[in-house]
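Chains E and Y, in that order, give the protein sequences.
With the first letter of the first sequence counted as 1, position 921 gets the number 986 in our numbering; the numbers rise by one all the way through.
With the first letter of the second sequence counted as 1, position 152 gets the number 1138 in our numbering; the numbers rise by one all the way through.
No lab work stands behind these hints, which were simulated from the structure alone.
Just so you know, not all the hints are guaranteed correct.
[As the list claims (entries may be wrong)] DSS-like, lysine-lysine: derived pairs with alpha carbons at most 30 Å apart:
#1 Y:Lys1083 <-> E:Lys647
#2 Y:Lys1138 <-> Y:Lys1083
#3 E:Lys777 <-> Y:Lys1128
#4 E:Lys777 <-> Y:Lys1083
#5 E:Lys943 <-> Y:Lys1138
#6 Y:Lys1138 <-> E:Lys770
#7 E:Lys283 <-> E:Lys345
#8 E:Lys640 <-> E:Lys490
#9 Y:Lys1062 <-> E:Lys770
#10 E:Lys537 <-> E:Lys568
#11 E:Lys538 <-> E:Lys571
#12 E:Lys98 <-> E:Lys595
#13 Y:Lys1062 <-> E:Lys777
#14 Y:Lys1074 <-> E:Lys943
#15 Y:Lys1083 <-> E:Lys770
[Claimed, not checked] These stretches of chain Y come out as covered by chain E in the derived footprint (C-beta under 8 Å, 3 or more residues):
#16 1034–1040
#17 1048–1059
Quick caveat: nothing in here was measured; it's all calculated off a predicted structure.
Just so you know, even glycine gets a beta-carbon here, dropped at the ideal spot from N, CA and C.
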Amino acid sequence: MDDLLNEFLTETSESIDVVDIELVKLEQDPSNKEVLDNIFRLVHTIKGTCGFLGLPRLESVAHASENVLGKFRDGDLEVNEYCVTVILESLDRIKDILAGLEETEQEPEGDDSDLINVLDDIAAGNSGGTAKVAPETVATDDTVEGEIVDKTLGRSLKPGEVSLEELEAAFADAPGPGSDDQEEAESNIPTVTESGRSLFERIGGEDTISVCAHIVAKRIETDKALKGLFANLSTDAKKAKFTGLLSTLLQDDMDAASNIADSLVTIGGFTSTHFDQLVKLVKSSFGECQVDGDTSDEAAMTFELIRDTVISSSAAVSAKEAKTAKAAKTAGAETKRSNQSIRVSVDLLEDLMTMVSELVLTRNQLMQMVRDVDESEFVVPIQRLSQCTTELQEGVMKTRMQPIGNAWAKLPRIVRDLSIELDKKIELDMIGAETELDRQVLELIKDPLTHMVRNSADHGIETPTIRLANGKKETGTIKLNAYHEGGHIIIEITDDGAGIPVKKLKDKIREKNLATEEEISEMTDAQVQKFIFHAGFSTAKEVTNVSGRGVGMDVVRSNIEKIGGTVDMNSVEGKGSTFLIKIPLTLAIVSALIVGASGERFAIPQISVLELVRANSESEHKIEKIKDTPVLRLRNRLLPLVFINDILGFTNEDDAKKAVKEVTDESAQQMKASNDDFIVVVQVGTFTFGIVVDQVFDTEEIVVKPVAPILKHLEVYSGNTILGDGSVIMILDPNGVAATASAGAGDQAAEEEEEVSAQERVNDERESMLMFRAGSNNPKVVPLSLIARLEDIDVEDIEIADGKYVVQYRGALMPIILAADGMELVETGRQQVLVFTDREYTMGLAVDEILDIVEEKLDIKLSSETDGIVGSAIIDGKASEVIDVAHFLGLAFDDWLMSRDTSMDDNSSGGHRILLIDDSDFFRNMLKPLLTVAGYSVQSVSDAHDAIALRDNGVMFDLIVSDIEMPGMTGFEFAEDIKSGGLWKNTPLVALSALAGEKDIAKGHEVGFDDYVAKFDRESLLRSLQQQLNIKGDAA
Amino acid sequence: MNDLVPRQDTSLVAQVETTQEFVTIHLADQLLGIPVLAVHDVLNQQQITQVPMAQEWVSGVLNLRGRIVTAIDLRKRMGIVARDENEKSMSIVVEHKGEPYSLQIDSVGDVMALKTMDFEKNPVTLDAHWRSVSKGIYRLDKELLVILDVDKLLEFDQQTKAA
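The shape of chain E in the complex, shown without the other chains (with noise of 0.2 Å):
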């Protein structure tokens, strides 16, 4: 059978199942689209492909059943008891067709303009009950001959199929036995031996031969040991070939006779002896049918002739039942079409698969342990093991990947009908056929890929004319182009066609009420093109078989993204469109570079490897330095390097340093030299690099898993898998490293903070801290930048006043508070005192012990409820408690924070960025843990005119938070600024400032200000924050 209609067969009975299960869904809940748009769109599918396949009556009743579906679908018609029922009966005539054209290879013929009127009164608006139709019985059994006939296709026949035209000539030769009459008459044939005669004459021609031949079939059928080799047959068709074989035999047509002897038996084991039972039953017959002995004889000779045709047919039958494991015991004449193939759910195939690898594992293992061992017994049997588990493991990889070559192999057919009905002239140019795709991915794409061909060929390609008229060739071409690139699969699709046109498409978003005028004013011509991807959208005027029912584009789209994929569009009018897809390979087997990294092994998909350059000081090739970044000269163009070992900081910053200069340093350059380095020339796009490697160990076939969602966000990476030797690898992603490689870069020229991206600057900010101890062992530390001073006080200067510890300090009275409860002030000599200044308020922090300044960065992991302490980190490799300092300000002077409440909700804030401005370092560093132990990522700067500046490089934050009181730009200026349009236009504004009078909330309300609170009012600060995060999100 027809390749092309034998994919068309499985498919559709697929799609009927499914579309006759939506069918009831539907009328059980008739408002929901998605199993509508999901009906409409396989009964469009089966309607477009009959078209190509020229089924005319399928196409007919599929199209009638679209129209009612469509006019569900634009809400023209309400869904009802009575339409599903008339479209659930065309979908049993749809099966029945197919049924039909299973068995014949040919659309059986028959009347469906019944079934179609109905649903066209429906699809009119006459849903008014008509009388039900009658489901037609199809006329199979009346079809003549295929005319894609066995023959044209160069199929021998299967055993067990006798030729049609054989059988029909066996049937026409014999009158048909089973009449006493003729049986009467035949008996009375004198039986003369002539030796003039032939053997066929002597018989008694085609009438005995017939009865002979019903003798033998019924015969057949009692006999114990030819009864199973013939249970394939029914009597009739026994008798048929029996016939046929008898008369062809008899007249001495060998080649007519092996030809039936050939199809005689299709069970395999049939050997000499059954042969010999099946002759002496004949022979017996022709005794009954009064043929005389010797006749009998001579007849029963003549079955010699075909004793090795017929054992040899069967045990040809044998192996190939052997081959296949395939019982060919159905009952049926021929074994239906649709299971010659099974099919089984990916989840089997990767139980399997993980299994193999557990069985690979094992094994390994196992060999590990003969290895050791000299003359083990087990060598022999472990090396079959291996043998067969390396097999095993290959199949089950090979079950999963098939050339994307036959996603395509229909296509050909469909541009050439395609075109001959639209009469235009279209070239289909393949490339990449045997690009390997993931089986389940590439059924997938299948569809979408049909559709994406089927409407370049429709809407794209012009009609010659036009073509000449534009100036372009007569022939439009349609490319397909399919290829691995940084771990996806890209296909593309090119045509040369008219583009698509943004005026229609304009025409059609209005009509639509897609988008306002306005929004449509604003677009570019690529935003407007986009549209196409619109559910429902399509530009063709007429509704045409071939596309234009507003189910393609979207259907590719979702259909794609279902997989993980992308799909995009480059259209320019009057030059043609191009589409780009996109599949990630997290299903695909690919070939990797395993390569080594401060010890631990990495995988680069070789694909995007372009070759190994060994890196040596005294080689050609080395690599050389411009100002910091390190090149290799490599055929005359520079090529930039990178360090996988930076990339994956397994250096920090310094060492990082140090190792380009050792590269730089002359004497360093001596050292480097015994060391070679490996460079992996990798491309991605166009982009071309290298990356340093430590090791390059070997190319292995691995099976990429993707990564678990927690690492999910680690760019570097595109996924992992497990090796042969069972252990975990994870597999770099070479789009990911060129980006991080490049960030870096700009870090490395600029060499200032300033140039990194404000993206990192938010996460890897550090803080000098000072950490102390003051009561407990544990160390505390607190913000360097929030001290003013340190100072050692004379424990004698101290004093007390209003129950405070105070002390003259500077002219002033210093109040001196204890860092932590239950800590003493020094009986004598010098107390530690931390003098925090904010303003016109100082105040001295009294601690045991002063221990170090660290850097570090602030992550403040667990916030805290004593009071003073606003979380612990992990500073210098120890947990400290973070102390507030706000705390103990309060407590110095009253009024310093008029009220506070020290118990904090520590409802999760979603990690949400927040910008800082205020002018005061103090307020910074105290709002700056506060915020983040909250849970927010916080970035402060130090005046409006900074904020302005992040802006305008394009930072995002959640939410802003500003001071009033500036130095250059007051708050209120800033807010007004800020609303008055640009990136940040949207962003929730909260004020925080001392001004907290009537007059200044309303004026920060006038300005833009969201909300406004009072600077010293910690718990509505964060209330705010949260409220105003959430009326934004509400209205995301």
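Chain Y: place on chain E using the hints.
Just chain Y, lined up with the frame of chain E:
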């Protein structure tokens, strides 16, 4: 119909006579418990592949019978001082949203069937981070057993995005 109610929801509140089984874990000096049904596997020390650049409490990935499992250093995750390099560790494999995770711990103790009446909510003064991943405390004869909420423990998504 009672069978349909998720067990942990009811068991912690009212049912007096019911018991629940927990696998106990030693982590530093603390005894922790995980509902026995949540534990998929208990592993001895495994070969772990480091994942550079990952969160610090992700100690790497390992191969568990053909599945790639993300290993979490529970000490780091819980903010306890890191284990000595030579000290042996064990792992408990749990699943979160269909993904397997291996929690590296010091050692595994017994499986205990505990009465609901011995159960108590987290003390309010408990460290906030611990409070967020603990379902409550069982009063054992000699020590206290902190029941870990595996889902909360492995809910990194938000933090990951913030980082």
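Please name the hints from earlier in the document that this structure breaks, with their numbers sorted from lowest to highest.
Going through the list in order, the structure violates hint 3 alone and respects the others.
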